[in-house]
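Line order of the protein sequences matches chains C and W. If you use our numbering, the first sequence corresponds to residues 1 to 301, in order. If you use our numbering, the second sequence corresponds to residues 1 to 301, in order.
A couple of the hints might just be wrong.
It does not matter which identical chain is meant; a pair holds if it fits inside one copy or across any two.
What the hints assert, rightly or not - No more than 35 Å apart at the CA atoms, straight line, and that leaves these computed lysine-lysine pairs for DSBU-like: (1) LYS199 / LYS230; (2) LYS4 / LYS137; (3) LYS4 / LYS101; (4) LYS188 / LYS101; (5) LYS208 / LYS54; (6) LYS4 / LYS42; (7) LYS188 / LYS117; (8) LYS137 / LYS230; (9) LYS109 / LYS228; (10) LYS188 / LYS109; (11) LYS4 / LYS113; (12) LYS42 / LYS228; (13) LYS230 / LYS54; (14) LYS42 / LYS230; (15) LYS109 / LYS230; (16) LYS208 / LYS19.
Just so you know, these hints were derived from the structure itself, not from any lab.
Number of protein chains: 2
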Amino acid sequence: MIFKNYVELTDHIISKAKKTPFAIVCADESHTMEAVIESYQKQLILPVFIGDKKNITEYLTANGLNASDFEIIDETDPTRAAQTAVSLVHDGSVRGIMKGKLDTSQLMKVLLKSENKLRTSSVVCAMSLMEIPYYHKLVAASDPALCIHPSLDQKAAIINNAVTALNNIGIECPKTAILSASESPNPKIPESLEAVQLKEMNQQGLIKNCIIDGPLSYDLCFDPESAKIKGLTSDVAGDPDLIIYPDLVTGNAVSKALVLNARAIGSSVILGTAVPVVLPSRAASVEEKVRNILLASASVN
Amino acid sequence: MIFKNYVELTDHIISKAKKTPFAIVCADESHTMEAVIESYQKQLILPVFIGDKKNITEYLTANGLNASDFEIIDETDPTRAAQTAVSLVHDGSVRGIMKGKLDTSQLMKVLLKSENKLRTSSVVCAMSLMEIPYYHKLVAASDPALCIHPSLDQKAAIINNAVTALNNIGIECPKTAILSASESPNPKIPESLEAVQLKEMNQQGLIKNCIIDGPLSYDLCFDPESAKIKGLTSDVAGDPDLIIYPDLVTGNAVSKALVLNARAIGSSVILGTAVPVVLPSRAASVEEKVRNILLASASVN
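Pulled out of the complex, with its shape left as it was, chain C reads as follows (with noise of 0.2 Å):
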């Protein structure tokens, strides 16, 4: 499957009609509840609310819901509100995590904590979603906020996390390109061996269910021309639906520089772990709020 952009893709999300179940920790701030009611209302998810009872009952009513049709826990610590989000994935009543108002280091440090056995996968990373000025469908790519220098083994994990993310999406087989400076492996930039390498452990079998080239160089993951000019035989370039960055540096000023300069429309979560987890940041606006929720929802099974 194949989603132009997030018209498509909330379209799609919509019509599978899931409703997602997510825990909101420490829900009760104004912009935190007005992205969880849009995405209640658009159907993306059932939201579970923790936080302060009579503030949260507020805003439902003041945005003409009744609070009784809502799980509403009463925990204002934000420790206790985060912890109380595990026992809800545990017993299987959530299947989505959103932080509200408390920090993220403060969320994360319960849901990674070893006795919560939220992890599922050897790496924790995020994953983004952009739809980008000048190519023609959506890309995932990874990872452009967490992992600072992945190692092979770290890559490999990275690219398992997106790609069951990204199957639970629609998207059966993604084509996954591993970033570098150009097509050409050079024993100089470690990076484009590792990227020779997570191929050959995708044609073994060792990476499934993605077919996955590399290294590749920007201009020929997201430009058919110049890899048609290059006269590079491959099923990724110029067609990739998840790139894998070759360290958080790198990530972050692409995706940065895409959302600033090319007014590329993104969104992020936190894979790896029992269920996705929404960290939006503190100047996200509620537009981009409600796509991580999407993306969020979609990346569930």
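With chain C held as given, fit chain W onto it using these hints.
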């Protein structure tokens, strides 16, 4: 001085009416000739053609020019043509070199041969100049093409090369941002610690004629709003004239993302040699070649 775009820069260079003499090595190739003739007619350069005299004469005549108005050196062997350009630099008759129809490696091998004494810096590097949507002025960046993992000393040399070129262009004290993933130095990201060192070297007068700040994330470089929201006091954040990339893969990917997906307008030049060198890629359009010539010509004192 600030240039909002290429039009302003072109007007400025033309107004100086300096017509930089340029050696065109292996000039007899139609795209090269077209770009050189256009640059000559715009008063940017005075070409000295090295190549097949008969072909060059024909190109000039076909473009309504009088071949006898130009110096044309009949030399069809690429290595000897490159060596001729070196001699022209040394006797002061040219102040720039442009590659025509020969391989980059053939040309650079001659230019960087130690006997030829053309290196003037410990680092030969590329500098780009970009007109980027949603940024208010032209911005230079280095190195997107040559140095794979520059060391601290090499980064200082890269900055010096770029600052000299920008000073010559008319940008007196370039605001220089050292790109990383955030504004916090992080021991797990060595580039971010080097950014702090480069800033200190600038404050101590070891890197002159510019103001350095770093580490800075991409949004803190290019978005004055982000800098304001983060409460960052910096002369550089939100307003750099020059970006220093942490490594080749980052620089390559960011600059290609800007050109492909943001439709930024770019050019590039090789610095660290006695005269700037124009090395257009085979796929470059005539317009891009003209911009490269403009940048090189502007970079000369």
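Going through the hints against the structure:
For a Cα distance limit of 35 Å, the shortest separation of LYS199 from LYS230 inside one copy, 20 Å, qualifies, whereas the shortest one across copies, 40 Å, does not. For the homomeric pair LYS4 and LYS137, the shortest alpha-carbon distances inside one copy (4 Å) and between copies (32 Å) are both at most 35 Å. For the homomeric pair LYS4 and LYS101, the shortest alpha-carbon distance inside one copy (33 Å) is at most 35 Å, but the shortest distance between copies (41 Å) is not. Taking the shortest Cα distances, LYS188 and LYS101 sit within 35 Å of each other only across copies (28 Å), while inside one copy they are farther apart (45 Å).
In the homo-oligomer, the alpha carbons of LYS208 and LYS54 never lie at most 35 Å apart, since the shortest distance is 48 Å inside one protomer and 60 Å across protomers. For the identical chains of this complex, LYS4 and LYS42 are intra-copy neighbours only, at 20 Å inside a copy versus 43 Å across copies, given an alpha-carbon limit of 35 Å. Within a single copy, LYS188 and LYS117 get their C-alpha atoms only as close as 40 Å, which misses the 35 Å cut-off; across copies the closest is 26 Å, which meets it. Taking the shortest alpha-carbon separations for LYS137 and LYS230, both the intra-copy value of 22 Å and the inter-copy value of 33 Å come in at or below 35 Å.
Taking identical chains as interchangeable, the C-alpha atoms of LYS109 and LYS228 lie at most 35 Å apart only when they sit on different chains, with a minimum of 29 Å there against 47 Å within one chain. In this homomeric assembly, LYS188 and LYS109 come within 35 Å of each other (Cα to Cα) only across copies, at 19 Å, whereas the closest approach inside a single copy is 37 Å. In this homomeric assembly, LYS4 and LYS113 never come within 35 Å of each other (Cα to Cα): the closest approach is 38 Å inside a single copy and 51 Å across copies. Within a single copy, LYS42 and LYS228 get their C-alpha atoms only as close as 41 Å, which misses the 35 Å cut-off; across copies the closest is 34 Å, which meets it.
When the C-alpha separation of LYS230 and LYS54 is checked against a cutoff of 35 Å, the pair qualifies only between copies, where the shortest distance is 32 Å, while the shortest distance within a copy is 63 Å. Taking the shortest Cα distances, LYS42 and LYS230 sit within 35 Å of each other only across copies (33 Å), while inside one copy they are farther apart (45 Å). With identical chains, the CA atoms of LYS109 and LYS230 are at most 35 Å apart between copies only, with a shortest distance of 24 Å across copies and 47 Å within one. Taking CA atoms no more than 35 Å apart as the test, LYS208 paired with LYS19 passes inside one copy only; the shortest distance there is 28 Å, against 59 Å between copies.
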